[in-house]
Amino acid sequence: MNPLYGRRKLKNRIAMTLSLLATAFGAGWLVLILAVLLWEGFSGLSLQVFTEMTPPPGSDGGLLNAIVGSLMVTVIAVLIGTPIGILAGTYMAEYGRYAILTTIVRFINDILLSAPSIVVGLFIYEVMVAPMGHFSGIAGAVALAVLVIPVVVRTTEDMLLLVPNQLREAATALGMPRVNVIRHVCYRAAQAGMLTGVLLAVARISGETAPLLFTALNNQFWSTNLNAPMSSLPVVIFQFALSPYADWQKLAWTGALIITFTVLALSITARALVSSRKTS
Amino acid sequence: MEPARRQAVVDVALEAGNVATSEAVSRGKVLQRLRLNDTIFRNLTFLAALGVLILLGGVIVALIEGSLPALRTFGLNFLIEERWNPVTEKFGAIAPMYGTLVTSFIAMLIAVPVGIMIAVFLTELCPLWLRRPIGIAIELLAGIPSIIYGIWGLFIFAPFLQQTLQPFLISTFGNVPVLSEVFAGPPYGIGVLTASLILAIMVLPFITSITRDVFESVPPVLKEAAYGVGCTTWEVVRFVVIPYTRVGIIGGVMLGLGRALGETMAVTFVIGNAHKVSASLLAPGTTISATIANEFTEAVGDLYTSSLIALGLILFVITFIVLAAARYMLLRLEKRVGG
Chain A
4 MNPLYGRRKL
14 KNRIAMTLSL
24 LATAFGAGWL
34 VLILAVLLWE
44 GFSGLSLQVF
54 TEMTPPPGSD
64 GGLLNAIVGS
74 LMVTVIAVLI
84 GTPIGILAGT
94 YMAEYGRYAI
104 LTTIVRFIND
114 ILLSAPSIVV
124 GLFIYEVMVA
134 PMGHFSGIAG
144 AVALAVLVIP
154 VVVRTTEDML
164 LLVPNQLREA
174 ATALGMPRVN
184 VIRHVCYRAA
194 QAGMLTGVLL
204 AVARISGETA
214 PLLFTALNNQ
224 FWSTNLNAPM
234 SSLPVVIFQF
244 ALSPYADWQK
254 LAWTGALIIT
264 FTVLALSITA
274 RALVSSRKTS
Chain B
8 MEPARRQAVV
18 DVALEAGNVA
28 TSEAVSRGKV
38 LQRLRLNDTI
48 FRNLTFLAAL
58 GVLILLGGVI
68 VALIEGSLPA
78 LRTFGLNFLI
88 EERWNPVTEK
98 FGAIAPMYGT
108 LVTSFIAMLI
118 AVPVGIMIAV
128 FLTELCPLWL
138 RRPIGIAIEL
148 LAGIPSIIYG
158 IWGLFIFAPF
168 LQQTLQPFLI
178 STFGNVPVLS
188 EVFAGPPYGI
198 GVLTASLILA
208 IMVLPFITSI
218 TRDVFESVPP
228 VLKEAAYGVG
238 CTTWEVVRFV
248 VIPYTRVGII
258 GGVMLGLGRA
268 LGETMAVTFV
278 IGNAHKVSAS
288 LLAPGTTISA
298 TIANEFTEAV
308 GDLYTSSLIA
318 LGLILFVITF
328 IVLAAARYML
338 LRLEKRVGG
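Protein chains in written order, with this note's numbering: chain A, 4 to 283; chain B, 8 to 346.
These are calculated hints, taken from the structure and not from any lab test. Note that beta-carbon positions come from the ideal geometry of N, C-alpha and C, so glycine has one too. Hints are supplied without guarantee of correctness; some may be wrong.
What the hints assert, rightly or not - Pairwise CB distance ranges (calculated):
id, chain 1, residue 1, chain 2, residue 2, range
1, A, Ser-62, B, Val-183, 18 to 28 Å
2, A, Ala-275, B, Glu-96, 22 to 32 Å
3, A, Arg-10, B, Pro-166, 36 to 46 Å
4, B, Ile-67, A, Thr-106, 15 to 25 Å
5, A, Leu-104, B, Leu-38, 40 to 50 Å
Said to hold, decoys possible - As a list, the in silico DSSO-like pairs of lysine-lysine whose alpha-carbon atoms are at most 27 Å apart:
id, chain 1, residue 1, chain 2, residue 2
6, B, Lys-342, A, Lys-14
7, A, Lys-12, B, Lys-230
8, B, Lys-230, B, Lys-342
9, B, Lys-230, B, Lys-97
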């Protein structure tokens, strides 16, 4: 046999072994991280975590104010970001499908999609926190809304483009104006996908820490006042993990576990939504 | 038809019916109302689309405005000075910039080959039934918040490195001319190397998922032809798949780079926040995002705050260029696949 064959086979075997090793290497780290997270997080998980406020160092407590703060900020961010995102996506897929503006917006939107979130925090600090003179929950919500918008724009546009044109033509032939066609035909056909976009956006912002650090800041106490600094889970994790107190660090792990589960649940739901739509 | 859509169609039909029975005047009114609705909605969507552009413009303007005091005071020296002294209010950006670039560079050095090899495994070797679960797992992992990587790095990874890898590096390379500088100093655990490794682990799923998508865009005919003339799997990957998807891979890598450059939480925990440029990878350093995250809320005085915002502006400019290049390359690939 030609010795070249042997060499090629050997090369192939080496490369394929490397790719197998790379996969084991990559998967290994991620399994390791999740295992530690589960181990550390579950050992601190109790009812107390959901019913009590963040404690001063050395005493017992939970994460209630942080969880509620996170929920409020997230909900408001979604309420602000989603309509803007859906409207912009609608323009790009419907009215302005072939407009130059659409191409530009798509490009810019893709950049916003992966822009560093800490820069968004600085931006909101400049336009909201500095003029208002104090940190506030609402500033945190707006910062997160800035992160919601690109995700929703992207998915809305993608999903609307998937709607068959025949549906639009049929509705238009009945004499429906464009606005009714979009709202009653296109949105309805694309709603599962659009909902997926919103879920993905929530998943993205629920773990975001950097934009909240200097917008919502943090709050040791129970507060639902949006005009005052507000506690949030990621910021509490950040603060507690870097503290020297063992019980604070324990709470940080538990908080990390809660966030991870929330994000995974949201992503899985989003995925299930899309795949159920495809099969039906 | 779904109920609500049928309702809508019925509504319009009824409206049309009403028009038929009433006079031409009211028909005109109805049409006018419909047209008005349409115009309003159209303009709303247009404004929202414009809003996305304004958002980006706003970010740029706000950052420039915020960093003006610092830029005015230090001028271009801001970019080349190492000092970072809040007490005497002398600031320079070179240490955080250096940290950002070095950590991202090392992270990509590790994550890119590994990510590409994983993508090769997923598209060529992996049994079909396993591809979907692994693919989904990767995408889910890409979505895990970075603070999780940070907290893991701080409590588990850094102590582990301090006891194993770092002493090993120091003792192995301690007498090698150049490398002894790179791996100098006591093993702190936290530092530039630790941050880079965590960044690598973090961007790995991201790069893998994009590379896999790009690999899957290769027309099966091309691969089949290569296999047909007797290529091994590796040769197919090396001489068909990778050349065909080169632009896409570079785009994906740059997207990953953009993410690594701007990453805050995973790095802040383990970098050590020391404002100095050090040749040793084991020494603590800082990155732009870590500096901002650590110091912004405690910054006293306009000049300090402004310097931090100026750092943010630098970071934004760097990532903007990287991301724009990445998108452009991915777009080129998309066009070729489409055309």
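Evaluated hints:
| no. | hint | in the structure |
| --- | --- | --- |
| 1 | A:Ser-62 to B:Val-183: 18 to 28 Å | violated (52 Å) |
| 2 | A:Ala-275 to B:Glu-96: 22 to 32 Å | violated (54 Å) |
| 3 | A:Arg-10 to B:Pro-166: 36 to 46 Å | holds (45 Å) |
| 4 | B:Ile-67 to A:Thr-106: 15 to 25 Å | holds (20 Å) |
| 5 | A:Leu-104 to B:Leu-38: 40 to 50 Å | violated (28 Å) |
| 6 | B:Lys-342 to A:Lys-14 | violated (34 Å) |
| 7 | A:Lys-12 to B:Lys-230 | holds (18 Å) |
| 8 | B:Lys-230 to B:Lys-342 | holds (20 Å) |
| 9 | B:Lys-230 to B:Lys-97 | violated (59 Å) |
Checked against the numbered hints above, the structure breaks hints 1, 2, 5, 6 and 9 and satisfies the rest.
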